[in-house]
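Trainee: As a plain string of letters, each chain reads:
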Amino acid sequence: MNHQRCTQAAIATVVAKATLAAIVTIATIAAIIFWATMPRVFADENATWQNTVSRAQGQSVYFHAWGGEQRNNAYLAWVAEQVEAEFDIVLNHVKIRDTATSVSRVLAEKEAGNTENGAVDLLWINGENFASMKTNNLLYGPWAEQLPNFRLVNADANPEMRHDFSVPVEGYESPWLRAHLVFYYDSDYLEVPPRNMQELLRWARANPGEFTYPKPPDFLGSTFLKQALAELSTQPEALQQPVTETDFDAVTAPLWAFLDQLHPHLLRRGRTFPANGPEMRRLLADGETLLAFSFNPNDPVNRVQRGELPDSIRSYTMRTGTLANVSFVAIPFNATNPEAAMVVANFLLSPQAQLRAQDPEHLGSTSVLDPKMLTARQRQAFAAMTQSHPAALPEGERGNVLSEPHPDWMPALETAWMRRYGVN
Amino acid sequence: MVSTKDLKAAQALAPWLLLIFLAIPVLVGLAGVLLPSIGYSSAADQQALSLQAWQSLFSTPGLFHSVLLSVIPGLLSALIAFIIVFSFLATTSGGRTLNWIRRMTAPLLAFPHVAAAFGIAFLLTPSGFLFRLVSPLVSGWERPPDLLIINDPWALTMTLALIMKEVPFLLLMALAALPAIQADQRLAVARSLGYQRSTAWLWTVAPALYPALRLPIFAVIAYASTSVEVALILGPSLPAPLSVRTLSWFNDPDLSLRNLASAGALLQVAITAATIGLWILGERMISRVLAYYQQSGQRDFGARPLALLGRTGFIVTFSMLTLALVILIIQAFAGRWRFPDSFPDSLTLGHWRAQLPLLWDSLATTVTIAVTTVLIAFVLIVLTLEQQVSSARVHIGTGTHGNALTRVNHHHIISRLLYLPLLTPQIAFLFGYTVWLEKMQIPPGLLTVVLAHLVFVIPYMYLSLADAYRGLDKRWPMLAASLRITPARFFLRIKLPMLIAALLSSLAIGFAVSNGLYLPTLLAGGGRVNTITTEAMTMAAGGSRSTIAVWALIQAALPVLGFATALLLPRLIWKNRRGMKGFMQ
Amino acid sequence: MTMQSLQLKQLTLYLQQKCLLKLDTQIAPGEILTVMGPSGSGKSSLLAAIAGFLTPEFKLEGQVHLGNRRIDQLPPEQRGAGLLFQDPLLFPHLSIAQNLVFAMPASTRDKQEKVSAALMQLGLAGYEQRDPETLSGGQKTRVALQRLLFSQPQAVLLDEPFSSLDTDLRQEIRKLVFDALTKAGLPAVLVTHDQADADAADGRIINLQDS
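Chains as they are written, first to last, in this note's numbering: chain A, 32 to 455; chain B, 23 to 607; chain C, 1403 to 1613.
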């Protein structure tokens, strides 16, 4: 009995032990398998990126970006220092006057059969130029959504990160900075600024020679045309379609009627226009005009702080809404060093780079990162950069956003403008 | 140590290399715009004769206006600058002012076009310095008047700026040519016949001087009728001059516009040629009229208008240029400076502090390109000139004619080709050159820029070095050889030290030319190569006035430093050698 | 140094197919042959032909020998014919001593001592470091002559060497030069249009006609 009990007990012990051993074994194997497989899903992404980073080592990147803005150049010089120290990448900022020149260069290289030693590695690009490069298969990619820092923009919650002037980005360019149109004026001479296009016309009639806008096809000049069109057009929904699918003349008729009336009251009676945004700003700084606008909402504050604009500058947005978009960087199909270009694009999206970009001391722009994706400390740092300055856009002035027209509209408007006003 | 044999081989090779550097980019470039303009271009997949590019060129709105905007600055600026220089020389010749003027002219000539254009823009714009000086006390303006001065539709301000730059250039060319035509003796004889000074100069010196100035005048016309950088700063935009529009067609992402740009570039060549033709026509007519008056025997013909034109033209030119420089300096240090204030509230070093960190790279690039270009040009030109010297005399007592003549031949080719890049519109051959580089898949960079710069640097350096060689007494080499001194030793120990001032000043000229080149750097460098000049132009697109002023001043300072070194160094080296004074300019 | 004569054998000089002059003569060591003639007669071209500096528009027939060397096919610096011009042509960037040393063959020993001794003889003691431009016309000519002698020429060609000097100085320098040439035993050709020069040279005179 004892023996029997003993045997039974022994059997139970063996079974229990065996079961335990089996469980432990299975658990171990599972753990091993889990450990070996599951993390590999993460590690895989990491490894590919690590691969890119290590291939990028020692490469140089020719970054074609508008060079007309002093602070921007200084910011990119800082970026160059960072990527050199961190990734051993030599970043050369090719300061261009006009993005179209670089696009034409890439196109010419394609025609000449140069498919891997292109002169451009990274390109600051937007709207029309992106659309044209995408249709002409001049872009490398898709790559942008694979950047480790891309998740920080939270594209699912911010659809504008995946659309450039209503053209789907599809990973062919990576967001960099936010922009929206703000107007600013000299409050010493102008108490109540015009808050929509009709007010602008009335004000210009009463105060001739106090306003002008950059000559299209300058980017900012064309933006003014789009803002006016979006506000004046009787068919705003047509602007979201390609031009060919709409009645261009009918849609734009109110715009031309407006400009026909406005031009005689512009600075120099509309017989010459500033070449670009900075020249328009210089005219305001010199007291030649009283009203100007910028695609960087922090620009007026930055300029006042640097003494380039008078202290009496105030900012506002149009009552009817304001154009907004995101600036991107893209890699041409024949970039010599696409890996290094991607590493730079990823760095541009890092909290460190974005924070500096938002810092009024440096670039004073608006970050593309979604605060929700940041750590509490990072959120605090970004919040600390918000400006309270007399020239800054007052709280709640952000206004409602007018979405950018389909990119077709820009060249169409520019051509029509040139035909009407390009030759005196 | 280089053997005499190597040296001789290098000497024989140099003239041909010089020709290649001078002519190939121009010829390749011209071919590169000619073919696309008649339908042969790989870019648009066309390979058949087609005049489409020309048709679309001639149907471009405002083309005629744009063409006029090439002709007006070209003809008008050359004509007015020429009149100012000739009347000034007529009224001051033989006087003491002339030597003083000569010294002032060289640094003003070194003032780059881009910097001068910015200075003039800051001066003349309605919110600019001149208007501030008279506001509000005299003019009553509390705010800038709405006047169309800069970018005026007929390019008059641009023409004015070009005149400011051309007067010193033509004056320097004239001063260099005067001794060769024995101006002083001619003047003395005519005055002893009872002619007033300026009349005497007009009838006896001017006819001999004019031929020496013809090619420089043509070069001036070619530059003024095609300049892009001055037109971008001061020229009209509705429409812009043909050169500016051509450049924007070339840079358009729509590559089919490149054929249009090619046609535009060739039209530019035709316009420049026609403008020069107009000049020649006018030249003939005026010389007939003058010939009639010359025989009239009137002793004071034209004396008064000449004096008036010469003095006022000269004073206006030089004070404008000086003011332009002054305003750039003030602006570069200006703190807050609102409109009616004549001077800034405060002065600051802030603009310099902000720009200096960004300066070093482009400064290094500028200097690297300029030094490389100038040294290559210098060595080739000196070797070529040495070759000419040694082939100009017969080595072997019974040397035959034929041999000597073939040797001298390249001298004639070179001296004619020198003006090719100066008379061909830059824009015309630089496009073709760029397209050719793209096609050859030669990556744009320092090398391609140096090659493009050589085309412009060689002519100026050659002209000044050939002058220096010509100025050397022919008996020196004879004397040296009779003292058993070998040609190599003579070159190193005698010629180089004696000509040091002239050689350094030709280096400085080359440096200044290279420093000032905008379009060649931009196009041949594919935008990658940033020099001070291209940076200054980019800054113009976005910077504040003070930022532009800082860059313009730096751009102007480089050639001035070069000329100052070229002027002072020889004086320092030879300060104890009075006999060397004659070898300094 | 061996005494050598300068021989002009059947020398004919053409300027663009036109015969300028014909000469066939020998100049003994220490002899001075004077060539006179109006300007344009080719007398300076004769010196250029002997020294090796004819420009391509000239053509030379015949031979030039110095001793038993034929020199008309040699480069100028190997001919050994020293030139003395109307102007002293001291190298303006070199000091007096440097000018003199520069002319000496590389093998010369005790260069500085020789310079000092020569300057002493010329009455220019202590002038070694002087700027040539600070010398008077006569002093410069003396230095130029000494420089010529230091280069150890085997013949001397004089191209109106005294015409830039004042009348009273001219006589003194003329004597100095001619004595030096005779003493060194060098054959010399003197081109001049000054009869006094020819008289002082005291040798044969060839008169070239205006052709």
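What the hints contain is simulated information worked out from the structure, not anything from laboratory work.
If you're wondering where the values come from, they're calculated on a predicted model, not measured in any experiment.
We put the beta carbon where it would ideally sit given N, CA and C, even for glycine.
There's no promise every hint is true.
[Stated by the list, open to error] Now the stretches of chain B that chain C is said to cover, found in silico as 3 or more residues with beta-carbon under 8 Å:
#1 361-371
#2 507-513
[To be verified] Derived DEER-like restraints, expressed as beta-carbon distance ranges:
#3 B:Leu594 to C:Leu1578: 54 to 60 Å
#4 C:Asp1426 to B:Ile435: 49 to 55 Å
#5 A:Arg233 to B:Glu305: 40 to 46 Å
#6 C:Asp1596 to B:Tyr232: 53 to 59 Å
#7 A:Asp219 to B:Ser270: 47 to 53 Å
#8 B:Arg124 to C:Gln1611: 42 to 48 Å
#9 C:Gln1611 to B:Ala234: 46 to 52 Å
#10 B:Val211 to C:Pro1507: 33 to 39 Å
#11 C:Gln1412 to B:Ile435: 55 to 61 Å
Trainee: CB of aspartate 219 (chain A) to CB of serine 270 (chain B), is that within 47 to 53 Å?
Mentor: violated, 38 Å
Trainee: Could you say whether the range 53 to 59 Å given as a hint is met by the Cβ separation of aspartate 1596 (chain C) and tyrosine 232 (chain B)?
Mentor: This hint is violated: roughly 41 Å between Cβ atoms.
Trainee: Holds or violated: the 55 to 61 Å window for the beta-carbon distance between glutamine 1412 (chain C) and isoleucine 435 (chain B)?
Mentor: About 39 Å separates the Cβ atoms of glutamine 1412 (chain C) and isoleucine 435 (chain B), which means 55 to 61 Å is violated.
Trainee: State, for the Cβ atoms of aspartate 1426 (chain C) and isoleucine 435 (chain B), whether the hinted interval 49 to 55 Å holds or is violated.
Mentor: Once the Cβ atoms are compared, 42 Å apart, the range 49 to 55 Å for isoleucine 435 (chain B) and aspartate 1426 (chain C) is violated.
Trainee: Does the Cβ-Cβ separation between glutamine 1611 (chain C) and alanine 234 (chain B) fall within 46 to 52 Å?
Mentor: 39 Å Cβ-Cβ, so the 46 to 52 Å window is violated.
Trainee: Is 40 to 46 Å respected by the C-beta to C-beta distance linking arginine 233 (chain A) and glutamate 305 (chain B)?
Mentor: The hinted range 40 to 46 Å is violated for arginine 233 (chain A) and glutamate 305 (chain B), with Cβ atoms some 57 Å apart.
Trainee: Go check the region 361-371 of chain B versus chain C for me, would you? Three or more residues, Cβ under 8 Å, otherwise it fails.
Mentor: Coverage by chain C is violated here, the residue count being 0 at a Cβ distance below 8 Å.
Trainee: Taking the beta carbons of valine 211 (chain B) and proline 1507 (chain C), is their distance inside 33 to 39 Å?
Mentor: Between valine 211 (chain B) and proline 1507 (chain C), where Cβ atoms are some 50 Å apart, the hint is violated.
Trainee: Okay, leucine 594 (chain B) versus leucine 1578 (chain C) on CB: inside 54 to 60 Å?
Mentor: Roughly 37 Å apart at Cβ, these two residues miss the hinted range, so it is violated.
Trainee: Starting from the range 42 to 48 Å, see whether the pair arginine 124 (chain B) and glutamine 1611 (chain C) falls in it by beta-carbon distance.
Mentor: holds, 47 Å
Trainee: Are three or more residues of the region 507-513 of chain B within 8 Å, CB to CB, of chain C?
Mentor: The restraint on the region 507-513 of chain B holds, since 3 of its residues have a Cβ under 8 Å from chain C and three suffice.
Going through the hint list in order, the structure does not satisfy hints 1, 3, 4, 5, 6, 7, 9, 10 and 11.
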